[in-house]
Amino acid sequence: MERNLNKLDLTLYEETLDHGFHVYVVPNKKVNNIYATLTIRYGSNHDCFIPYKEKEKVSFPHGIAHFLEHKVFEQESGEDPFSFFESRGANCNANTSNQKTTYLFSGMHSFEDNLNMLLDFVEEPYFTEENVEKEKGIIIEELNMYKDNPIQRLYETSIYNTFHSHPCRYSVGGTVESVKKITKEMLYTCYHTFYQPSNMFLIVTGNVDAKEVFEIVKENHAKKKFPKQKKIKLETYQEPDSVFKKREKIKMNVVLPKVSLTFKIRISHIKASLFELRNYIYYFFETKLGSTSLFLETLKNKGILNYDLGIQMVQTEDFLVIMILAETKKTEEFISSVLEEIKEKTILKEELERKKKAMISSYIHMSDSVFALNQKIMNNLITYKEVYDDDFSMIKKLNVKDANEILKQISFENYSIVTVEKDEK
Amino acid sequence: MKYKKYHYDHFQLHLVSTKKFKTILVKINFKRPLRKEEITKRNFLSDLMIRSTKKYNSERFMAIATENLYGMNFNSYSVTSGNYSLLSFNAMFLDKKYTEDSIVEEVFDFFHEVLFAPNIQNGKFENKAFSLTKKCMRDELVSIKENPSRLSNSHLYDAIDPDSILAYHSEGYLEDLTKITRENLVSYYEDVLKNDVVDIFIIGDVDESIADIILEKLPFQNPKKENGNHYVTDIRERKEVQILKEKSKFTQSRLSLAYNIKEMTPFERNYVSYIYSSILGGGADSKLFRTVREKNSLCYSIGSSVNRIFELLLIRLGLDGKKQEKAVTLIKQCVEDMEKGKFTEEEIEKAKIIYESSLKEVYDNPFNLLNIYVSKEYLQTDDIEKRLEEIKKVGKKELLTFAKKVKLNTIYLLEGKEKHGKKLK
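Just so you know, the sequences run in chain order C and V. Okay, so the first sequence: first residue is 1 according to our numbering, each after it adds one. Okay, so the second sequence: first residue is 1 according to our numbering, each after it adds one.
It should be emphasised that the hints constitute simulated quantities derived from the structure, not laboratory data. Just so you know, not all the hints are guaranteed correct.
Stated by the list, open to error - Just a few of them, taken from the derived set where beta-carbon distance is under 8 Å, the chain C residues facing chain V: (1) Lys30; (2) Ser87; (3) Gly89; (4) Gly107; (5) His109; (6) Glu112; (7) Glu141; (8) Glu142; (9) Met145; (10) Val255; (11) Thr292; (12) Leu294; (13) Tyr307; (14) His365; (15) Asp368.
As the list claims (entries may be wrong) - In silico negatives: residues of chain V with every beta carbon more than 12 Å from chain C: (16) Cys136; (17) Thr265; (18) Thr410.
Idealized CB from N, CA, C, for every residue including glycine.
Using the sequences provided together with the hints, build the complete structure.
This is the structure:
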């Protein structure tokens, strides 16, 4: 199947192989580089499920998806994928979020070799007790590096305190204790459960031929024997509307105190597309508190804020979470000002239209980068479970009437506050 | 793609014309010799000038104006480049095909506002924006203490040669900040407009007719001057290696090793040093990564880099402080192996392929492509075609000659208080 990506002068080709493996390609002959990402719908959120070949649900230590990402690079032949890609002038990497794990490479030469290697190393890893033990030291250092970052601590604590049971509350990397509990057997169990072709997709953007990509993948998979694809049964979580903890104070090595205000917004009852919901809610906060708002100007003039706010969005099945991050010495005044400001749940037409101009522009800029375009397709698949080919028209259609109708139906009553203050010790 | 340099009475225009991108980038640089006592003022000015102008007299109106220009990204910064200081104003916006016919004119109108119509009243910068800049800069200067990598870099540079330009703090000085007033900053601003040398770099689907727009909109009166030498060649060497340890409140320790590389030829600086550093500590397949991380699990990240302007090789890693002695021994061994020629032709070839690929990738990215010409102007580096030819000439002989010039100067440890078994939350 092929579709034009409106206004980007590019075409998206997609194909689903027999065993359910999805392939998406956007060729661009204007560039030199090729970027390929192989994504598994398995992240830190999926820590309780019925393992492959078993009948009962089992809980795994936090951080196991991320640990697995590190270990998938181990091969029985001893060949090192990093070295393989480097010797072909390509970069290779991987990352894990709460919703997915991605393996990737970018490079302009030896595309066929590179793509085969990507599929092979991810589809045939080799774990031993020894290489699992060795990895623990490396991952613990990675976790320690994040511990010294106050914004990361603030973010992780805020998400933890917002949810009661949903696993998105746990840090993607887990903790030093949870990482220590991970064994070779657990890794294989998680691997076999989630790393099935039907739970994975490949996206290639850049100087390639779509047909060639499909052929390489088919030929590669024809040589492999995949076990029968099984539906993955995950634990479900009944989250209440309330937050787990309303307030927490962290002491650490910071010069400037920081605060987060995290709104837990139920969206499951609203009849609107997820695209509309996400955009209207995000741009509501952006117009109310962002760089073009009178609110921000006033708070700066009053000396409550010196910097723009960070506005982040996290999503689960039933909730949208909006986290406002700020650096301020006047925490209480800041919080009450935000709560006052968002009482009037409307967006002004003029403001939404201006934001739309900027949204369209960032959509078009994306076509100048094989990385940004690949990321867009991946985000679409993870967030919306489909790839949008006409963001341009979708953005154009956003309007204040619908926005204000939706905003009327949501509540900002449930929020959690976290502050980071200087540790005087 | 076509590059051409045009000389005008008061500025030079560097034009990279290409139809490859939908994005247009404009960079306007003001350059003068670096003076320690001006660093803080110059940083201050770069921040203040984009906070408000006469017409857009608050940050909010600035933000609204850039959104109206289809979400133009506009920023400014002041950086040191060896013996010189650059004050840089940058715009990234969408081509007229996706916006309006007048977009280029409108962007230069905006540049006019920022550069020639700052918010000065009665010989003083407007107070609100001025005070906010002062507060933010103070925060910025103080908050370096909470960033382990910035803090350890800054202290390392102080230690290597306290009397050189290297030890200047590019972020500025608190004591200089207090001396800046709304009046004396106006004098400095006027001085910049009168005495700095101006270079304008543009990339995108534009031709030389853009010069007419610049001449019409931007009444520069700056002088023409010869391009001086940015490279700093007088960094001190040490007969005995300097070893410094400092305690910190961070969890993780940061270890840095700094080596002098004296009397590099331009060929060594621009080519041999890349291959050397790539083999030693370039990526996941380098000697340092393999030895320190993979074989001994001592760290998560480790890498080497060459600071060409100051003739330094730097090796940096984050680790558990208790393991630093072992890490130092291993790192020294890796560097010694380079001098003894313990690297293969294969490793050299691999490093060259990495170099070539990353260089060819530059063609795909307007920012990086423009920077090739910025660096050509200031640092006399070659353009891409020449670089691709020159790199081929690097062989074992050249690497061995280069390796002999690498001399250890300082080992610096910013010691953390890592405790395992504490919950990461």
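Status of the hints after comparison with the structure:
{"no.": "1", "hint": "Lys30", "result": "5 Å, holds"}
{"no.": "2", "hint": "Ser87", "result": "5 Å, holds"}
{"no.": "3", "hint": "Gly89", "result": "3 Å, holds"}
{"no.": "4", "hint": "Gly107", "result": "6 Å, holds"}
{"no.": "5", "hint": "His109", "result": "7 Å, holds"}
{"no.": "6", "hint": "Glu112", "result": "16 Å, violated"}
{"no.": "7", "hint": "Glu141", "result": "4 Å, holds"}
{"no.": "8", "hint": "Glu142", "result": "4 Å, holds"}
{"no.": "9", "hint": "Met145", "result": "5 Å, holds"}
{"no.": "10", "hint": "Val255", "result": "5 Å, holds"}
{"no.": "11", "hint": "Thr292", "result": "5 Å, holds"}
{"no.": "12", "hint": "Leu294", "result": "7 Å, holds"}
{"no.": "13", "hint": "Tyr307", "result": "7 Å, holds"}
{"no.": "14", "hint": "His365", "result": "6 Å, holds"}
{"no.": "15", "hint": "Asp368", "result": "5 Å, holds"}
{"no.": "16", "hint": "Cys136", "result": "5 Å, violated"}
{"no.": "17", "hint": "Thr265", "result": "26 Å, holds"}
{"no.": "18", "hint": "Thr410", "result": "23 Å, holds"}
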